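Peer 1: Based on these hints, arrange chain B on the given structure of chain A.
Chain by chain, the residues:
Protein chains: 2
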Amino acid sequence: MGAESSPSTTSSSPTLVPAGHPGVAELFAVIAYGEIAAFYRLADDAKFSPSLRGRVALASMAGAEMSHFETLRAALVDRGVEIYAAMEPYRQALDAYHASTTPSTWLESLVKAYVGDGIAADFYCEIADRLDPEVAAVVRDVLAETGHSEFVVREVREVVERSPLQKDRLMLWGRRLLGEAITQAQYVLAQNEELAELVILTCGDLAGIAALFDRMQVEHTKRMAVLGLH
Amino acid sequence: MGAESSPSTTSSSPTLVPAGHPGVAELFAVIAYGEIAAFYRLADDAKFSPSLRGRVALASMAGAEMSHFETLRAALVDRGVEIYAAMEPYRQALDAYHASTTPSTWLESLVKAYVGDGIAADFYCEIADRLDPEVAAVVRDVLAETGHSEFVVREVREVVERSPLQKDRLMLWGRRLLGEAITQAQYVLAQNEELAELVILTCGDLAGIAALFDRMQVEHTKRMAVLGLH
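Protein chains in written order, with the UniProt record's numbering: chain A, 1 to 230; chain B, 1 to 230.
Excised from the complex, chain A in its bound form (with noise of 0.2 Å):
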């Protein structure tokens, strides 16, 4: 696809990242690593739910994350990387997150599976769209809807839409989310060199960074809005 590696010096234009780009390890070994943060995190809210239905809707969405760990796991096997070792330096921002952001209710719970796992797929599609073909399809294919999102949305608006109180503490649940997320999001930036030269090749500039964040923003005020917080 004629992938070329001269960084762009202009947000507008930025450059489609090769596959061999080192970055590009980084961040499958980070998405893994959230795969895993985020199964444990299902499983454990599963205790808040108040139904079989529940519990089973949450262990879905945890074995959808098991399935796009593997898909990423394969990704590192081809390209010659221990999956562990890569990994290991994103734990402490993923646990960071989780730590801070550990729900206290069923609907806490619903609300960061949902908006949580948006923020992410948003953030990662964006650099996506500029990274090699190959290496886009591998992203795009783990952060796709885990379908399960229908029942989310059904049992939140329910609450919300004759709770003002509930979709108040939910509204400031929704913006914390994001907060902790680009929080740590710049965190594990700071950190990796690699990683940080992949987005920054992805956005074009620093300023481009702070647009991506800024569309974040947007997207996960509709995302709030399908919940019926808004």
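A portion of the hints provided could be inaccurate.
Said to hold, decoys possible - Calculated pairs, EDC-like style, for lysine to aspartate or glutamate (alpha carbon to alpha carbon, straight line, at most 16 Å):
hint	chain 1	residue 1	chain 2	residue 2
1	B	K47	A	E108
2	B	K167	B	D95
3	A	K47	B	E108
4	A	K47	A	E108
5	A	K167	A	D95
6	A	K47	B	D44
7	B	K47	A	D44
If you're looking for bench data, these hints aren't it; they were derived computationally from the structure.
Only a predicted model underlies this, so the values are computations on that prediction, with no experimental measurement involved.
Peer 2: Leaving out everything else, chain B in the frame of chain A:
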């Protein structure tokens, strides 16, 4: 495939049970709830893992349980059966099995994941041998090895080969797992007439069920030996 529903009276020539037998949906439902219960048990046991690799191994096994669950859900939907209602009667016995065999160490978790899955697979696959081929294929598919046993075997053998104390403790643990599994399997059969009829049909008669439990004991002993527990 010429499946006849006339029950056989000798244990040596059991009848092939037709796909339309009402016990088939019950069989799918009890296995489905088994997958959910195993999912949450594995996810919870990850707290004992000394390494990220161990956490990933358990999460992968749990993910495989969910992919099996989806197969069973589809099979039940095909039969017009509401899965949550269908699973409900089996919650108590399966939850009781897990409550009475909650691991307290990492090695107990691993032995349980390996040996417990094996016991269930022996039980259901022997039954599957006498079911309509289409039904049997679903059962065998969802009880297939999840491909993580190598990890468990390596981890357990390594410890028991150098610690006779650990070996003794884990041998008792294995015996308890088999005992509790058979106890709860009997409760399940005593509770549901259609499922009990299906199992009796597949085993020939009540003596055939006793013979099935004996064969499960033999297979269990072999499986323990693979772990170095003999």
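Peer 1: Work down the list of hints and note, for each, if the structure agrees.
Peer 2: Structure-based check of all given hints:
1. Annotation: proposed proximity of B/K47 to A/E108 is violated, straight-line Cα distance about 23 Å (limit 16 Å).
2. Of the supplied pair hints, the one linking B/K167 and B/D95 is violated, its CA atoms being roughly 27 Å apart against a limit of 16 Å.
3. For the proposed pair A/K47 and B/E108, the alpha carbon gap of about 23 Å is over 16 Å, so the pair is violated.
4. For the hint pairing A/K47 with A/E108, the CA-to-CA distance comes to about 12 Å; that is within 16 Å, so the pair holds.
5. Distance restraint check for A/K167 and A/D95: the Cα-Cα separation of roughly 27 Å exceeds the 16 Å cut-off, and the hinted pair is therefore not satisfied.
6. A threshold of 16 Å between alpha carbons decides the hint, and for A/K47 with B/D44 the separation of about 11 Å falls inside it, so the pair holds.
7. Note on B/K47 and A/D44: the hinted pairing holds, with a Cα-Cα distance of about 11 Å set against a maximum of 16 Å.
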